[in-house]
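Colleague: Just so you know, the sequences run in chain order L and Z.
Residues in the first sequence are numbered from 5 upward in steps of one, following this note's numbering.
Residues in the second sequence are numbered from 88 upward in steps of one, following this note's numbering.
Bear in mind the hints are in silico, worked out from the structure with no lab data behind them.
A few of these clues could be false.
In silico DSS-like links for lysine-lysine, alpha-carbon gap of 27 Å or less [as the list claims (entries may be wrong)]:
{"hint": "1", "chain 1": "Z", "residue 1": "389", "chain 2": "L", "residue 2": "66"}
{"hint": "2", "chain 1": "Z", "residue 1": "195", "chain 2": "L", "residue 2": "177"}
{"hint": "3", "chain 1": "L", "residue 1": "168", "chain 2": "Z", "residue 2": "195"}
{"hint": "4", "chain 1": "Z", "residue 1": "338", "chain 2": "Z", "residue 2": "296"}
{"hint": "5", "chain 1": "Z", "residue 1": "374", "chain 2": "L", "residue 2": "177"}
{"hint": "6", "chain 1": "Z", "residue 1": "441", "chain 2": "L", "residue 2": "177"}
{"hint": "7", "chain 1": "L", "residue 1": "149", "chain 2": "Z", "residue 2": "421"}
{"hint": "8", "chain 1": "Z", "residue 1": "374", "chain 2": "L", "residue 2": "135"}
{"hint": "9", "chain 1": "L", "residue 1": "119", "chain 2": "Z", "residue 2": "338"}
{"hint": "10", "chain 1": "L", "residue 1": "66", "chain 2": "Z", "residue 2": "401"}
{"hint": "11", "chain 1": "L", "residue 1": "168", "chain 2": "Z", "residue 2": "374"}
{"hint": "12", "chain 1": "L", "residue 1": "149", "chain 2": "Z", "residue 2": "133"}
{"hint": "13", "chain 1": "L", "residue 1": "168", "chain 2": "Z", "residue 2": "196"}
{"hint": "14", "chain 1": "Z", "residue 1": "499", "chain 2": "L", "residue 2": "177"}
{"hint": "15", "chain 1": "Z", "residue 1": "404", "chain 2": "L", "residue 2": "66"}
{"hint": "16", "chain 1": "L", "residue 1": "119", "chain 2": "Z", "residue 2": "421"}
{"hint": "17", "chain 1": "Z", "residue 1": "359", "chain 2": "Z", "residue 2": "441"}
{"hint": "18", "chain 1": "L", "residue 1": "119", "chain 2": "Z", "residue 2": "404"}
{"hint": "19", "chain 1": "L", "residue 1": "119", "chain 2": "Z", "residue 2": "359"}
{"hint": "20", "chain 1": "Z", "residue 1": "148", "chain 2": "L", "residue 2": "177"}
{"hint": "21", "chain 1": "L", "residue 1": "177", "chain 2": "Z", "residue 2": "474"}
{"hint": "22", "chain 1": "Z", "residue 1": "466", "chain 2": "L", "residue 2": "119"}
{"hint": "23", "chain 1": "Z", "residue 1": "466", "chain 2": "Z", "residue 2": "404"}
{"hint": "24", "chain 1": "Z", "residue 1": "377", "chain 2": "L", "residue 2": "177"}
{"hint": "25", "chain 1": "L", "residue 1": "149", "chain 2": "Z", "residue 2": "223"}
{"hint": "26", "chain 1": "Z", "residue 1": "377", "chain 2": "L", "residue 2": "149"}
{"hint": "27", "chain 1": "Z", "residue 1": "359", "chain 2": "L", "residue 2": "66"}
{"hint": "28", "chain 1": "Z", "residue 1": "148", "chain 2": "L", "residue 2": "135"}
{"hint": "29", "chain 1": "Z", "residue 1": "421", "chain 2": "L", "residue 2": "66"}
A short list of chain L residues far from chain Z (calculated; beta carbon distances all over 12 Å) [said to hold, decoys possible]:
{"hint": "30", "residue": "15"}
{"hint": "31", "residue": "109"}
{"hint": "32", "residue": "148"}
{"hint": "33", "residue": "155"}
{"hint": "34", "residue": "179"}
{"hint": "35", "residue": "201"}
Fair warning: this is a prediction, and the values are worked out from it, not measured in the lab.
Even for Gly, the Cβ is constructed at its ideal location relative to N, Cα and C.
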Amino acid sequence: MIKRSSIVTAGLVLFVWLLQSACSNEPRRTPGREYMPDMAHPVAYETYLGNEIFPDSMNAQKPVLGTIPIYQGIVGNENAFMPFHYTNTPEGYEAAGTDVKNPLTITPDVLGEGKRLFNIYCAICHGEDGKASGHIVVGDNVTSKFPPPPSYFTDAILALPEGKMYFSVHYGKNLMGSYSTQLDRIQIWKVISYVRSMQDDYRKTLAGAPAVSDSTKKM
Amino acid sequence: MTFYYKPSRIAELTRVSARLLLLLSFIFSFNVSVSTAAVSVADGQKLFANNCRSCHTTPDKDQVLVGPSLKNIDKKRSEAWLISWIRNNVAFRASGDKDAIAIFEEYKKASMTQFLSFTDDDIKSIVAYINDASNKVAVVASAPTGGAAGAVEESADSYTGILWVVVVTLAGLSFLIFRINNNLRRYAGEKEGEEIPEERPFFKAIFSKGNVALMLFMCVMFLGYWMVNEGQSLGRSRNYQPIQPVKFSHKIHAGQNQINCLYCHSGAEKSKVASIPSVSVCMNCHKAIKEGPITGTAEISKIYAAYDNNQPIKWVKVHNLPDHVYFNHAQHVKAGQVACQTCHGPIQEMDEVKQFASLSMGWCVNCHRNTATQFAQNKYYDPLFSKLHEELKTGKISQVTEGDLGGTECQKCHY
């Protein structure tokens, strides 16, 4: 017969061990064990997992050359992935400036969505007011600050045609990177519509109060 | 003959030299004030910050951003050259200046902005500022923040340790006091001639039948609880915190720098997956930010390596939902207006990402039952659920949850 004391001692040891393991602070580096993982693991290839069929072993592939993906079911976004035919050269920049025009009709909805997108993707540098006051440019506890972009209300940017704006968002300009992977064509135009409305408001305040208009260059 | 200065003579000498000094300093100050009337370092600094800083780093550094570093540019080029270049580099290149064409070729024919409205004094001010700033030693700003954070963690750890020691000591002490008290009472009783029940040995008392039964019962209960818990968590990975190939910190990016989640995970409102940002998205900022506050250049250089080799970074997937469950980010982020933190926890405070929620079915269904659907400023639901809208308006129901919209049907997620 097993001694009662040994049972109790074993119980106590187990208890203490479990308590100790429950309170451990070590980060959990393994996903853990599974029990009968039927249908838990994908048979099809998942979005970002590897795929040995393709030469670069990536599952995320570019669309087949010459095809254009469409947004299914979203009204107004059918042409979101239409190609941009201007090359990333100074000549392409100039050509886009004269040829490319905003296809959207400016409505409060467009400006509202433009503002939302602007505050997510642009305001971090350009600032919600468009004066290069973004958090990673001037923020308090930002350790490595980003160089400030030009304010939207300098003479050069006020005179910038919208085609050049689109070109700059699509390809990137100077230190600004390309946003064509984050924003589709329609979204970029919504953002530009909002930026233009900010500039229009600025021009209106200038016309209303001419005293402020001296030397926008130095602002 | 003895030679000495009389006190009066010394006084006179001082007076004269003082006057001379005054005169000299006056002339000098006059000179300086004349030269700074139009050209000033302060003006130059302002102009530089507003017009040049977007593409050129501050002149105390050697880093190349879009354009070259301008450190000591005033020693490399003549003032006249700089004036022509800055005001209209296109015309200057057209005039056939060799240096101008060479620098244009070196920077892949990216044309610098023309500053036609700058006066000579404006440009001279900028050059004066560059000269001034180039000679200042760059202030090393990288404080050892990592060490401080480590110290905080360490002290928290040792605090828990001390707590345990205190608890164990107190428990031992109380046991001792209990025993002493017991013995004293026994002796006192003996003296007064009370009838004393026979003392059972301590261990016998502990391992009495009743106690053992109770302990066994508690052990079974505890083991049962533990087994059910562990059994349930089989295949679930709450708190899973894999080691990532790059020590990317959400705390720095989303917390301190306040970059919106959607900036990098822009797919979250458009597609099933939240999208892991490609290296080109990293480069949007890291083109210019080459040093981090904790790891310096070690981790950021991994991005550059990936970018240069055109190879994606192999991030380790943290949240693994079983294949028999359908989950769509856009459905939750865009239509449902659910904040990222609802499921992913305080991600802006995590240096290393870990799985916050259990991702169990009970967890999903609880949220579907309890969360009121966001109808305000959310046109997604307008045409679909007019009947529920009416009931809301008339006060028949107080809120609509995802469950009311069919969010607890099996086939919504399992098909």
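Colleague: For every hint, state whether the structure bears it out.
Modeller: Structure-based check of each hint:
1. Z/389 - L/66: holds, 24 Å
2. Z/195 - L/177: Between residue 195 of chain Z and residue 177 of chain L the Cα gap is close to 14 Å, so the pair holds against 27 Å.
3. L/168 - Z/195: Holds: residue 168 of chain L and residue 195 of chain Z sit about 20 Å apart, inside 27 Å.
4. Z/338 - Z/296: Given pair residue 338 of chain Z, residue 296 of chain Z is violated - Cα atoms ~56 Å apart, limit 27 Å.
5. Z/374 - L/177: holds, 12 Å
6. Z/441 - L/177: violated, 36 Å
7. L/149 - Z/421: violated, 31 Å
8. Z/374 - L/135: Judged against 27 Å, a Cα distance of about 21 Å means the pair holds.
9. L/119 - Z/338: Measuring from Cα to Cα gives roughly 26 Å; hence the hint holds.
10. L/66 - Z/401: holds, 18 Å
11. L/168 - Z/374: holds, 22 Å
12. L/149 - Z/133: Roughly 18 Å between the alpha carbons, so the hint for residue 149 of chain L and residue 133 of chain Z holds.
13. L/168 - Z/196: Holds, at roughly 18 Å.
14. Z/499 - L/177: violated, 45 Å
15. Z/404 - L/66: OK: residue 404 of chain Z and residue 66 of chain L at ~21 Å, within 27 Å.
16. L/119 - Z/421: holds, 16 Å
17. Z/359 - Z/441: Distance ~21 Å between residue 359 of chain Z and residue 441 of chain Z Cα, so the pair holds.
18. L/119 - Z/404: Not satisfied, since the Cα-Cα distance of roughly 32 Å exceeds 27 Å.
19. L/119 - Z/359: holds, 24 Å
20. Z/148 - L/177: At roughly 22 Å apart (the allowed maximum being 27 Å), residue 177 of chain L and residue 148 of chain Z satisfy the hint.
21. L/177 - Z/474: Violated, at about 50 Å.
22. Z/466 - L/119: holds, 17 Å
23. Z/466 - Z/404: The hint is violated at about 33 Å.
24. Z/377 - L/177: holds, 19 Å
25. L/149 - Z/223: Status holds; Cα separation ~20 Å.
26. Z/377 - L/149: holds, 11 Å
27. Z/359 - L/66: holds, 17 Å
28. Z/148 - L/135: holds, 25 Å
29. Z/421 - L/66: holds, 25 Å
30. 15: Nearest chain Z Cβ is 4 Å from residue 15 of chain L, so the label is violated.
31. 109: holds, 18 Å
32. 148: At roughly 5 Å from the nearest Cβ of chain Z, residue 148 of chain L sits no farther out than 12 Å, so the non-interface label is violated.
33. 155: The claim breaks: residue 155 of chain L does not keep its Cβ more than 12 Å from every Cβ of chain Z (closest is about 8 Å).
34. 179: Given that some Cβ of chain Z is not farther than 12 Å from that of residue 179 of chain L, nearest at about 5 Å, it is violated.
35. 201: holds, 20 Å
Violated hints, in rising order: 4, 6, 7, 14, 18, 21, 23, 30, 32, 33, 34; the structure is consistent with all others.
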